[in-house]
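> What follows is each chain in one-letter form.
Protein chains: 2
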Amino acid sequence: MEKPEEVLTRLKTKLLEIHHLKDAAALLAWDQETYMPPGAGQARAEHLAALQTMAHDKLVSPELENLLRPVLNPATGLVQDRYSGWAPSTKALLRETWRDFTRAKKLPSAFVNRLERECSLAQQVWADARKNNDFAQFLPNLRTIIALKREEAHYLGYTDSPYNALLDTYEPGWTVAHLKPLLTTLRRRLVTLLNRVRKASTKPHEAILFQSFDRDRQMEFSRMVLAKMGYDFQRGRVDLSAHPFTTSFHPTDVRVTTRVYEHELPACLFSCIHEGGHGLYEQGLRNEFYGTPLSEPISCGMHESQSRLWENCVGRSRPFWEHFFPLLQHAFPEQLGQTSLEQFYAAINTVKPSLIRVEADEVTYNLHIMVRFEIELELIEERVSVENLPSLWNEKMKEYLGVVPERDADGILQDIHWAIGAFGYFPTYTLGNLYAAMLYQQACKDLPNIEADIAQGRLLPLKEWLNEKIHRWGRQFTSEEIIQQVTGENLSAEPFLQYLETKIEKVYYSGSYS
Amino acid sequence: MEKPEEVLTRLKTKLLEIHHLKDAAALLAWDQETYMPPGAGQARAEHLAALQTMAHDKLVSPELENLLRPVLNPATGLVQDRYSGWAPSTKALLRETWRDFTRAKKLPSAFVNRLERECSLAQQVWADARKNNDFAQFLPNLRTIIALKREEAHYLGYTDSPYNALLDTYEPGWTVAHLKPLLTTLRRRLVTLLNRVRKASTKPHEAILFQSFDRDRQMEFSRMVLAKMGYDFQRGRVDLSAHPFTTSFHPTDVRVTTRVYEHELPACLFSCIHEGGHGLYEQGLRNEFYGTPLSEPISCGMHESQSRLWENCVGRSRPFWEHFFPLLQHAFPEQLGQTSLEQFYAAINTVKPSLIRVEADEVTYNLHIMVRFEIELELIEERVSVENLPSLWNEKMKEYLGVVPERDADGILQDIHWAIGAFGYFPTYTLGNLYAAMLYQQACKDLPNIEADIAQGRLLPLKEWLNEKIHRWGRQFTSEEIIQQVTGENLSAEPFLQYLETKIEKVYYSGSYS
Numbered sequence: 000m001e002k003p004e005e006v007l008t009r010l011k012t013k014l015l016e017i018h019h020l021k022d023a024a025a026l027l028a029w030d031q032e033t034y035m036p037p038g039a040g041q042a043r044a045e046h047l048a049a050l051q052t053m054a055h056d057k058l059v060s061p062e063l064e065n066l067l068r069p070v071l072n073p074a075t076g077l078v079q080d081r082y083s084g085w086a087p088s089t090k091a092l093l094r095e096t097w098r099d100f101t102r103a104k105k106l107p108s109a110f111v112n113r114l115e116r117e118c119s120l121a122q123q124v125w126a127d128a129r130k131n132n133d134f135a136q137f138l139p140n141l142r143t144i145i146a147l148k149r150e151e152a153h154y155l156g157y158t159d160s161p162y163n164a165l166l167d168t169y170e171p172g173w174t175v176a177h178l179k180p181l182l183t184t185l186r187r188r189l190v191t192l193l194n195r196v197r198k199a200s201t202k203p204h205e206a207i208l209f210q211s212f213d214r215d216r217q218m219e220f221s222r223m224v225l226a227k228m229g230y231d232f233q234r235g236r237v238d239l240s241a242h243p244f245t246t247s248f249h250p251t252d253v254r255v256t257t258r259v260y261e262h263e264l265p266a267c268l269f270s271c272i273h274e275g276g277h278g279l280y281e282q283g284l285r286n287e288f289y290g291t292p293l294s295e296p297i298s299c300g301m302h303e304s305q306s307r308l309w310e311n312c313v314g315r316s317r318p319f320w321e322h323f324f325p326l327l328q329h330a331f332p333e334q335l336g337q338t339s340l341e342q343f344y345a346a347i348n349t350v351k352p353s354l355i356r357v358e359a360d361e362v363t364y365n366l367h368i369m370v371r372f373e374i375e376l377e378l379i380e381e382r383v384s385v386e387n388l389p390s391l392w393n394e395k396m397k398e399y400l401g402v403v404p405e406r407d408a409d410g411i412l413q414d415i416h417w418a419i420g421a422f423g424y425f426p427t428y429t430l431g432n433l434y435a436a437m438l439y440q441q442a443c444k445d446l447p448n449i450e451a452d453i454a455q456g457r458l459l460p461l462k463e464w465l466n467e468k469i470h471r472w473g474r475q476f477t478s479e480e481i482i483q484q485v486t487g488e489n490l491s492a493e494p495f496l497q498y499l500e501t502k503i504e505k506v507y508y509s510g511s512y513s
Numbered sequence: 000m001e002k003p004e005e006v007l008t009r010l011k012t013k014l015l016e017i018h019h020l021k022d023a024a025a026l027l028a029w030d031q032e033t034y035m036p037p038g039a040g041q042a043r044a045e046h047l048a049a050l051q052t053m054a055h056d057k058l059v060s061p062e063l064e065n066l067l068r069p070v071l072n073p074a075t076g077l078v079q080d081r082y083s084g085w086a087p088s089t090k091a092l093l094r095e096t097w098r099d100f101t102r103a104k105k106l107p108s109a110f111v112n113r114l115e116r117e118c119s120l121a122q123q124v125w126a127d128a129r130k131n132n133d134f135a136q137f138l139p140n141l142r143t144i145i146a147l148k149r150e151e152a153h154y155l156g157y158t159d160s161p162y163n164a165l166l167d168t169y170e171p172g173w174t175v176a177h178l179k180p181l182l183t184t185l186r187r188r189l190v191t192l193l194n195r196v197r198k199a200s201t202k203p204h205e206a207i208l209f210q211s212f213d214r215d216r217q218m219e220f221s222r223m224v225l226a227k228m229g230y231d232f233q234r235g236r237v238d239l240s241a242h243p244f245t246t247s248f249h250p251t252d253v254r255v256t257t258r259v260y261e262h263e264l265p266a267c268l269f270s271c272i273h274e275g276g277h278g279l280y281e282q283g284l285r286n287e288f289y290g291t292p293l294s295e296p297i298s299c300g301m302h303e304s305q306s307r308l309w310e311n312c313v314g315r316s317r318p319f320w321e322h323f324f325p326l327l328q329h330a331f332p333e334q335l336g337q338t339s340l341e342q343f344y345a346a347i348n349t350v351k352p353s354l355i356r357v358e359a360d361e362v363t364y365n366l367h368i369m370v371r372f373e374i375e376l377e378l379i380e381e382r383v384s385v386e387n388l389p390s391l392w393n394e395k396m397k398e399y400l401g402v403v404p405e406r407d408a409d410g411i412l413q414d415i416h417w418a419i420g421a422f423g424y425f426p427t428y429t430l431g432n433l434y435a436a437m438l439y440q441q442a443c444k445d446l447p448n449i450e451a452d453i454a455q456g457r458l459l460p461l462k463e464w465l466n467e468k469i470h471r472w473g474r475q476f477t478s479e480e481i482i483q484q485v486t487g488e489n490l491s492a493e494p495f496l497q498y499l500e501t502k503i504e505k506v507y508y509s510g511s512y513s
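Same order as they appear, the protein sequences are chains A and B.
Note that the first sequence covers residues 0 to 513 in numbering that gives the first Met the number 0.
Note that the second sequence covers residues 0 to 513 in numbering that gives the first Met the number 0.
By construction, these hints were calculated from the structure, which means they are not laboratory data.
Hints should not be assumed to be uniformly reliable.
Which copy? The list can't say, so a pair holds if one copy fits it or any two copies do.
As the list claims (entries may be wrong) - Using 20 Å as the maximum straight-line C-alpha spacing, the simulated DMTMM-like pairs for lysine to aspartate or glutamate come out as follows:
1) Lys-227 to Glu-463
2) Lys-444 to Glu-493
3) Lys-227 to Glu-467
4) Lys-13 to Glu-45
5) Lys-11 to Glu-45
Only chain A is shown next, with the shape it has when bound in the complex (with noise of 0.2 Å):
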């Protein structure tokens, strides 16, 4: 049992039944939101519960760990030293085929399909009470999820706080300690940011975007887009849900959805820009490794970088537009012909305080997330009661971003994540942020014409960049090896910050617009 390939082929078959069972349950998960009919909603929870376990079941199966744990060191995942010929790609493998095991091995069977349960069900009230604008409506389900994440942090184990297990899980090696500075700073320029944007005498013209557009043609528009993005629509497909989201059940099957409002040209065309760039991602992931970790996503902070780089570096560029702002004046001329470029690219980069996160401007975007990211800290470690929820979002909301929801809808059940347990999740929406803008940075460097490329048209050298530097490595590397590699710099704040910086003086103070 020396040989790689031995260990690599059996390891292989059983990661390849845990990831089809998984993908299925990806599969029923995407149903759920596009296509199932409403009184399936029971029966589906007990199904992706189903198989859920299951495959947490064959994931911490003797098996796989005999096969294991004899290659390497327990505690580090690293194979041993008579091992360390091995070729890099096969001890990432094992490492990360490691990480997962040992997560899992802490979580009881039965916990795991409770969980996977109570989220499926806590999903369809959610959704049910954000309608009825009826926080009570949810609160016993979120109440269950809440002790079901402690219960989860307690089984994985933690330093400092229990949120640092749940973090853990979806942005590897992240602590509370190790975010906190980065949001400190990033409060500190956004506040005086948001400030200068007030103090504006230019304002965009925002209106031109909620006019009437037609639904059809948006999609068309949007469709065109992602073809030029290179999403590969023979290996994908589009779809509209409530919630706009991304999801792959092999390199080959990798769809997303968004949503399409007649008044509100943004909505359609800035969800499918930034699920495209999740969805480039899944699709540049690796055939040949299907089923292990070398052919799935870093971490849901390098995930949102790639939808986040897509969406606001490119998708809210000047160049970008040079390209694309005729075809869409062509879409639509009655509403945009006698709109300039200057004012369409000054309206869609409008800064204004909201209620909606995922409508957000990239300036008030990340004092969203920091309010999320304060209650939710606050909830799993059991320093807030739940019945006072929308009291403390309302008192966050003010103080970060001076808006008040009239309505719970509009704020603590605006968003889903809660619902399905993602306790943890919204921190790497502005880790994603960070990673995007240091991205984009390097790729300006490596791609010296980039920016004259895109103002053509031409998005595939910042596809074919994205595929060769972050896409085909899965997770051979960390976030912070990946990211060091690619721009020989450890994750900051500051190219994110001067990004914004930039762009909001040129949209607030060296044009007019109105």
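Dock chain B against the given chain A, drawing on the hints supplied.
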């Protein structure tokens, strides 16, 4: 281990796991036909094979066997004498589970995996070959499938013909010897009936069905009919696919598909009613037995009886259109405003030998089945070589129906069944027609107002009668038992032939419709 509750509880837990795998596979298969991106075919084939193999492996596990063996007579699947006081439903559940177990046990896991993968691939090649009208393209896959099905028959065991092993999969207990006399009677009487149609001087004016009909409006009308039938859209949906089908993942999630052609009114309408009949069966199975044979349909023939009863006995009946024709005229006033009910009724009952089975009238339909059945019997018994299929097909079509396809796409390639390994399935269509006529005849006896109800658009009494007599029982009774129990008779072709002879007489000899 002598209490039925104990056996049942443990058994149900095992069976539920198996069903969750199978129903995940069913969703993957539905998705493959409706929304899957084209490039995902290869991965989907692997994925389906993996899930089916896991389900198979769980079914044949010693755990299940150890649970069943102590309480059953392994030769019959009946509970041992000392348990004869157990509830009939419990005994049936055990008997049918034992049947599934013993059949599955005969198939090696690697064989199941290979068969599933080859079928999923062959299905995709078949679709392409049919589009290209290229039998040679499909030939290697078909050859593989036939060899695998022969192998399957060999594993399963049989007397007389390997075909019997396959037929028994779809229609438990049926054999070639059992079928042949039925088919002989049918053939003689149907050919006589066809000659009577040929000699009739009045002919229905079929062209009214082939005008231009807005596709969306067709769908809307069909959905309305489905709702009237009692098909529950809270627990179901309609999608488009190349070939209409019904699938179920749970009684609360039963989906039908249809196709819509602008210039063929019958296509969408009758495939919706047909699939709706299948859908009502699946929606009528009992939730509380989900996962067990008591929440599964009896046989393919009994399933088909439900679809054909609705499609033909109801959907092509005069009372049905007394209610629905005015509504159809309202939906398509330009096309049908000048057509009388009599003309429409005659048009939808036109008898005309044609190439495509699924579009065949009630007289020629079973002749199509005989063509398929005889050919597949020869294939499985190795009495014909695959290369000769197109010419054999054409000869038989000439002999039975008097028509010969110009293209293999309209001939040997028209049906998906062989591509998915469903050898032995075709005869169940004919059995379905025969069961349907017997059941509908009985429904008219049990519910004396049924035709008056239907003529008022009240279809629910019939649906509820079927729920009560057929659906709710699942596999508690065999098809022979249930037909005997509901009608007091054994299966016979007579009710079907009488029903059809009466209708043909009415349409072709007692009116003037041109």
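> Determine for every hint whether it applies to the structure shown.
How the hints compare with the structure:
In this homomeric assembly, Lys-227 and Glu-463 come within 20 Å of each other (Cα to Cα) only inside a single copy, at 12 Å, whereas the closest approach across copies is 54 Å. Taking CA atoms no more than 20 Å apart as the test, Lys-444 paired with Glu-493 passes inside one copy only; the shortest distance there is 17 Å, against 83 Å between copies. Proximity of Lys-227 and Glu-467 under a CA criterion of 20 Å is satisfied intra-copy only: 18 Å inside one chain copy versus 56 Å between copies. In this homomeric assembly, Lys-13 and Glu-45 come within 20 Å of each other (Cα to Cα) only across copies, at 14 Å, whereas the closest approach inside a single copy is 24 Å.
Proximity of Lys-11 and Glu-45 under a CA criterion of 20 Å is satisfied inter-copy only: 14 Å between copies versus 28 Å inside one chain copy.
Consistency with the previously given hints is maintained throughout, with no hint failing.
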